[in-house]
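Once you've looked at the hints, dock chains B and C against the given chain A.
Residue numbers (this note's numbering), protein chains in the order written: chain A, 1 to 241; chain B, 242 to 594; chain C, 595 to 857.
Rather than coming from a laboratory, the hints here were simulated on the basis of the structure. Keep in mind that the hints are not guaranteed to be accurate.
To be clear about the criterion: a stretch of chain B counts as covered by chain C if any three or more of its residues have a C-beta under 8 Å from a C-beta of chain C, and this derived list gives those stretches [what the hints assert, rightly or not]:
1) 243-253
2) 265-271
Which chain B residues face chain C? A few, computed with CB under 8 Å, are given here [claimed, not checked]:
3) PHE256
4) VAL257
5) ALA260
6) GLU274
7) THR277
8) THR297
From the three backbone atoms N, C-alpha and C, an ideal C-beta is built for every residue, glycine too.
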Amino acid sequence: MIELRDVSFISEGRCLLKDINCTFESGRCYIVSGEDSVGKSLLTKILGGIVKPHQGKVLVNGKDLYLNIDKQRPNNQIGFVFQDGVFISNLSIRENLQLPIKYFKSQISYGELINRIQLLFEEFHLDIALLDERPSELAYSAKKMISFIRAILIDPEIYVLNRPLFNLDFIDMKRIMSYLVRMKNSEKTLIMTGNSRTLMENLADEVILLVNGEILVKESAERFFASTNPAIKTYIENNLG
Amino acid sequence: MDRQLKKVYRRTGLFVFAAILIMLFLVLFIAQEQRTFSRKFSFYTVLEDAIGLDKTTSIRFKGTEIGRVRSFSFDEQRNVETHFHIYSEYRDLVVEHSAITKSVPPLGGRATLDFLMGPLDGDLAGEHTLIPSLDMPEGRDLLARRKVRTRGDQVSSLMANLGKFVENLNRDDNYDQGSVFRMLYHLAFVTENLNHTLVNMNSIMEDLQKDNNEAHGALFRLTVNLADLTEEFRVSNSLLAQNLMNLNSLIVNYSQPDDILTRMVDPSGENIMKPLNEGLTSLAESIKEINEMTRFLHNQSPEIAILMSETQSTLSELQKTLQGINNNPLIRGGIKREELPGAGERFRPMEAE
Amino acid sequence: MNHILEMTGKKIYLNWTGIKEFFSFTFEVLSGIFSFGKRTQIGFSVVVKQVFFTGYQALGLIGFLAIAVGGLIILQGNLLLAAFGQSRWAYMLLVSVVIRELSSIFTALIVVARSGTSICTELGNMVVNNEIDLLKSYGISPIDYLVVSRTIGVVVAMFTLAIFFNIISVFGGWFFTTLFYPIYFGDFINNFVNEVMIQDILVSVVKSVVFGFIIALISCYNGLKVARATTEVPQRTIKAVVNSIMLIVMVNILITYIYSLLF
Chain A
1 MIELRDVSFI SEGRCLLKDI NCTFESGRCY IVSGEDSVGK SLLTKILGGI VKPHQGKVLV
61 NGKDLYLNID KQRPNNQIGF VFQDGVFISN LSIRENLQLP IKYFKSQISY GELINRIQLL
121 FEEFHLDIAL LDERPSELAY SAKKMISFIR AILIDPEIYV LNRPLFNLDF IDMKRIMSYL
181 VRMKNSEKTL IMTGNSRTLM ENLADEVILL VNGEILVKES AERFFASTNP AIKTYIENNL
241 G
Chain B
242 MDRQLKKVYR RTGLFVFAAI LIMLFLVLFI AQEQRTFSRK FSFYTVLEDA IGLDKTTSIR
302 FKGTEIGRVR SFSFDEQRNV ETHFHIYSEY RDLVVEHSAI TKSVPPLGGR ATLDFLMGPL
362 DGDLAGEHTL IPSLDMPEGR DLLARRKVRT RGDQVSSLMA NLGKFVENLN RDDNYDQGSV
422 FRMLYHLAFV TENLNHTLVN MNSIMEDLQK DNNEAHGALF RLTVNLADLT EEFRVSNSLL
482 AQNLMNLNSL IVNYSQPDDI LTRMVDPSGE NIMKPLNEGL TSLAESIKEI NEMTRFLHNQ
542 SPEIAILMSE TQSTLSELQK TLQGINNNPL IRGGIKREEL PGAGERFRPM EAE
Chain C
595 MNHILEMTGK KIYLNWTGIK EFFSFTFEVL SGIFSFGKRT QIGFSVVVKQ VFFTGYQALG
655 LIGFLAIAVG GLIILQGNLL LAAFGQSRWA YMLLVSVVIR ELSSIFTALI VVARSGTSIC
715 TELGNMVVNN EIDLLKSYGI SPIDYLVVSR TIGVVVAMFT LAIFFNIISV FGGWFFTTLF
775 YPIYFGDFIN NFVNEVMIQD ILVSVVKSVV FGFIIALISC YNGLKVARAT TEVPQRTIKA
835 VVNSIMLIVM VNILITYIYS LLF
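Isolated chain A (complex conformation) (with noise of 0.2 Å):
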């Protein structure tokens, strides 16, 4: 269980997130949508251990996310996948996928590691020989396979998604979103940004709307696309179409 208890932050005199509010409980799968710029991808930087808020709190399973964020980091009850799949640039996608593993001493030995990137790959049908190229030689597709990969490798808790299904085609689409279905069965936490209806309507519990760094609503998609509010009906014409 996450926990987002008064939330707010601040760039250049501007709010860009006001007093958020919102638990995301375990084995749910939420969907934050909104027009460009609310905040999104913040809020899931927040989430994600990346960006620390200039108030309030976050709780993993009741712990404070940000104290002592530098000491002692939860290293795999969060995973983190980027928009445009992020890599370590001067490594190769071997040693990315290797990096969080290796680092914290994980108690995976590195064949099994090996193992698992394997039939991950297999079963997203990539190239096994992409492990050996540097990032800024992958497509883009590619690169946001990957990085998705990586998140399952470290098996979190939580797994926090910004738009996993963005600029991605049909197929690889596809791919990812049997996937998404199966880790939300497995009982994992999924949060993701994005403004895909079919994911809202396939997967998510709740849908949240952020408007102006604040969230407007945080119901189940029935009710979300069932709504009268004319902001949300207003958005839904604009946006979900």
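Below, chains B and C without anything else, positioned relative to chain A:
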């Protein structure tokens, strides 16, 4: 780990390991050379001043480093209390009634503390006790009572040679008798002696030069020793200059004779002119050698260079005078005002003309 | 004088937040260094790579400079000091100027130019490309993974380079001395060892270690201070170079002063 990374690891390891080894070697080498970790015996002395002293100043006995200065402080009389240590292998040298003397090159530079050993059969001086310096009455008293002896070295022999040279010149100090032949004979004799002296000096300097290469630093020590004698040498040198001045004035008196005199005393030129010419040639050779020596020595030590420069000036005056005599009977332009390269006009103690 | 003090005070007041931030960054790096051994195996490979790049690959340039500097000191020393008949002070010059001062300063300048700039650019670009965020998302502290290992790497490389600089400059000194008058290497080393003291070597090593720390710290700090645009990277790099050089010169004066008090 791939091959590329292995190469990086290997090279980096070698690079760092080599540096650490070099550093350790260097530190150990310096420590051993400076006996940082060996047992040392501390003593102190009181000096008038600390000019030219620093913490690398060595204590030397007969030219060998037997210890080093450790620290200075002022005592109640505002003299410089200098603490030094003696290396364990030289501990036996420090007997009672030993003394310390400081030598500083007159134009500044680094001083040396020379250890003057007391009587051979004396008892060992206790650690942390005072070893008197010759700057202080106690030390001078030891010297007066012949408990310690100052040094004798190559420079002394050099001085002896120079002394002989001056003596020869003195012998010639009888121009009142007015005998031109005698004067010229003596002049030739002096020139020959001078040449001889120069040859001696040359060989001594050559030895010094060798010493500097092989026994490293012997010349430096000599230089310091020489400092003591510089004053003495100056006196001799001014005597030399005086003599030459006298000689000059004689020659000035003689510089305006008429042809008859020449025809009278040396009609064929065999008696005066030829030997004079020969003398001049050999003198020129000697001066050239001295010049070269001076150039080398000047790099090494200012004191020797000044001495040599003074000798040179004198010799160059002598040469001019002889040239004057040579030219004189027919007055072909008189004394040439040629400057010798490196003849050290700057250091000329007094004008001989 | 008052005006200068006023200006300095004003500047410190205005930059107070930045200064505080830099000090807390320094503190974090220092605590990261002390706990480096027990934390990570992957950080070690970053250290090795940094030493390889900053140290090993700069050795040629450092060697060339060391020979030139050692040689020039001896050449100038001989030309100048021989006029006073004090050639032997050339060794003293070699010790005091090269070993105590120039070796660490020159090495630092080379390292600032090569590694300081590259570290700052690399980290700056990493920030722009969200790579720092990626590390944070793993739970890896960027300071531990990027800064601490780079700092250790630069410090080790500086230490190593300074030793090589010293050794090579002494060789250079000997080589150039032989141009004036033949002197055996053994004699030269003997004269040199008579002048050099262990604390001279130590102060050179201490300086190089401190300078290495300063370079790595300032370069990393400026690199991580890049906010979002790639255009900030060169600006931050210039700032890193200028600040590193200024701080190095000031700290050098301070260390030399402390050295003069101690020895």
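Numbered hints the structure breaks, given as an ascending list:
Failing hints: none at all.
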